[in-house]
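Spelled out from the first residue to the last, the chains are:
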Amino acid sequence: MAYVGIVLISHSPKVAEGIKDIIRQVMKEVPVETAGGTDDHEIGTSVEKIQAAIERADGGKGVLLFYDLGSAMMNAEVAVELSESEDVKVAVDLPLLEGSYVGAVESGMGKSLDEVLAAVKKAFK
Amino acid sequence: MELNVQSVLKWIEKLNDKIQNNKEYLTSLDQAIGDGDHGINMARGFQEVINKTTTSQYDTVSDLTKDVAMTLMSKVGGASGPLYGTAFLKLSMSVKGKDPVDHDAFTAGVQEALNGIQQRGKANEGEKTLVDVWAPVLRFLQENSEFEPGKLEETAKVAMESTKDIIAIRGRAAYLKERSKGHLDPGSVSSFYLFQSLAEVLQEGE
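Just so you know, the sequences run in chain order A and B. Residue 89 in full-length UniProt numbering sits at position 89 of the first sequence, and the numbers go up by one each step. Residue 18 in full-length UniProt numbering sits at position 18 of the second sequence, and the numbers go up by one each step.
Accuracy of the hints is not assured; some may be wrong.
Stated by the list, open to error - Once the Cα atoms are required to be at most 30 Å apart in a straight line, the calculated DSS-like pairs of lysine-lysine come out as:
(1) B/K66 / A/K89
(2) B/K122 / B/K96
(3) A/K89 / A/K122
(4) B/K66 / B/K177
(5) A/K14 / A/K121
(6) B/K122 / A/K122
(7) B/K23 / B/K10
(8) B/K66 / B/K181
(9) B/K10 / A/K125
(10) A/K111 / A/K122
(11) B/K151 / B/K66
(12) A/K28 / A/K121
(13) A/K89 / A/K125
(14) B/K157 / B/K181
(15) A/K125 / B/K96
(16) A/K121 / B/K122
(17) B/K177 / B/K52
(18) A/K89 / B/K122
(19) A/K121 / A/K20
(20) B/K151 / B/K23
(21) A/K14 / B/K122
(22) B/K177 / B/K164
(23) B/K177 / A/K121
(24) B/K122 / B/K66
(25) A/K61 / A/K28
(26) A/K121 / A/K111
(27) B/K151 / A/K14
(28) A/K89 / A/K61
(29) B/K157 / B/K14
(30) B/K164 / A/K14
Bear in mind the hints are in silico, worked out from the structure with no lab data behind them.
Using the sequences and the accompanying hints, generate a full structural model.
Here it is, written out as structure tokens:
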């Protein structure tokens, strides 16, 4: 069964990996991929890393992107535009940790991309 | 004014020189109200741009500025990557098929670039961001079909200095609220270098 993929975008590789660990404790099937730090693993974000994570997370049911601060959102949007896919969406103004956790749980229930995004929005608005 | 591949290459080289020479200054400005990476990120990004543009051949200003955009987006790491990257990408799309780029084509390109920056950063004028330099420069270009390059530089400089008294409501500086007042916006300073470099190229071309 295919699931909506989750991408974690953080300025810090450790933060992205740490959140993935938390999600993996409960959700083992849902694709969760990280794009933490710059290409040199410094603090920052990288469009190329985000694009690669989207590709890995995409099992055919779409991908939802979560981000932490400033440039992470901008680079997430750039990556979505470059993907030229309508099945890649950014979870705007939603918390990276709690939002992606809820997203992964909803994805694990077999929901569609729009359903997962709506559920995450509902949980935090 | 008129810009061709050669003059835009000169523009980018001058801009890179200013960024490399002022790397510590840009960083110190960003340490005051941001995350302190503006100088390092811009220096890395524009060095990569120069590495790319000096080893490539370009037939049009559009092709050249597109390469600048893609390099900045992939190599900068901080907010300036997607912002300046988007600006150059929109400029590139706008001046496609318009070589050499004349005043009207360039002004339209700057308009598109500013729209792109605002869309990407969700910022308006008066919020202590690079928009506060790009918007007055655009108005200057719209109002003056012929101008002395020094006036363009002066416009950008005054605009940059005006960011000092603004309270930030975008970017990392927004977390500081009123404590962001009294400091120049680092992105506005790098944008000043961009238009100062352009003014120098136009001056030399006369």
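Hint check results:
Distance restraint check for B/K66 and A/K89: the Cα-Cα separation of roughly 25 Å lies within the 30 Å cut-off, and the hinted pair is therefore satisfied. Annotation: proposed proximity of B/K122 to B/K96 holds, straight-line Cα distance about 26 Å (limit 30 Å). Distance check on the hinted pair: A/K89 and A/K122 sit about 16 Å apart at the alpha-carbon level, within 30 Å; holds. Distance hint between B/K66 and B/K177 is unfulfilled; the C-alpha atoms sit about 36 Å from each other, more than 30 Å.
Restraint check for A/K14 and A/K121: satisfied, since their Cα atoms lie roughly 25 Å apart, inside the 30 Å limit. Between B/K122 and A/K122 the CA atoms are separated by roughly 23 Å; this keeps the pair inside 30 Å, and the hint holds. Annotation: proposed proximity of B/K23 to B/K10 holds, straight-line Cα distance about 20 Å (limit 30 Å). In summary, the hint linking B/K66 to B/K181 is not supported, as the alpha carbons are separated by about 35 Å, beyond the 30 Å threshold.
Note on B/K10 and A/K125: the hinted pairing is violated, with a Cα-Cα distance of about 50 Å set against a maximum of 30 Å. As the CA atoms of A/K111 and A/K122 are separated by approximately 15 Å, the hinted pair is consistent with the 30 Å bound. Taking the CA atoms of B/K151 and B/K66, the gap is near 28 Å; set against the 30 Å cutoff, the hint holds. As the CA atoms of A/K28 and A/K121 are separated by approximately 23 Å, the hinted pair is consistent with the 30 Å bound.
The suggested pairing of A/K89 with A/K125 holds, with an alpha-carbon distance near 18 Å, which does not exceed 30 Å. Under the criterion of a C-alpha separation no larger than 30 Å, the hint pairing B/K157 with B/K181 is consistent with the structure, at around 18 Å. With a C-alpha separation of about 43 Å, the suggested pair A/K125 and B/K96 falls outside the 30 Å cut-off, and the hint is violated. Between A/K121 and B/K122 the alpha-carbon distance is near 20 Å, which keeps this suggested pair within the 30 Å criterion.
Of the supplied pair hints, the one linking B/K177 and B/K52 is violated, its CA atoms being roughly 39 Å apart against a limit of 30 Å. Of the supplied pair hints, the one linking A/K89 and B/K122 holds, its CA atoms being roughly 18 Å apart against a limit of 30 Å. A C-alpha spacing of about 20 Å is found between A/K121 and A/K20, which places the hinted pair at or below 30 Å, so the restraint holds. Annotation: proposed proximity of B/K151 to B/K23 holds, straight-line Cα distance about 26 Å (limit 30 Å).
Only pairs whose Cα atoms come within 30 Å are accepted, and A/K14 paired with B/K122 is accepted, the gap being roughly 28 Å. Taking the CA atoms of B/K177 and B/K164, the gap is near 13 Å; set against the 30 Å cutoff, the hint holds. Straight-line distance between C-alpha atoms of B/K177 and A/K121 comes to about 27 Å, which keeps the hinted pair within the 30 Å bound. Straight-line distance between C-alpha atoms of B/K122 and B/K66 comes to about 22 Å, which keeps the hinted pair within the 30 Å bound.
Straight-line distance between C-alpha atoms of A/K61 and A/K28 comes to about 17 Å, which keeps the hinted pair within the 30 Å bound. A C-alpha spacing of about 14 Å is found between A/K121 and A/K111, which places the hinted pair at or below 30 Å, so the restraint holds. The straight-line distance between the Cα atoms of B/K151 and A/K14 is roughly 48 Å, outside the 30 Å bound, and the hint therefore fails. For the given pair, A/K89 sits about 12 Å from A/K61 by alpha-carbon distance, which is consistent with the 30 Å threshold.
Only pairs whose Cα atoms come within 30 Å are accepted, and B/K157 paired with B/K14 is accepted, the gap being roughly 17 Å. Between B/K164 and A/K14, the direct Cα distance comes to roughly 35 Å. Violation of the 30 Å bound is thereby established for this hinted pair.
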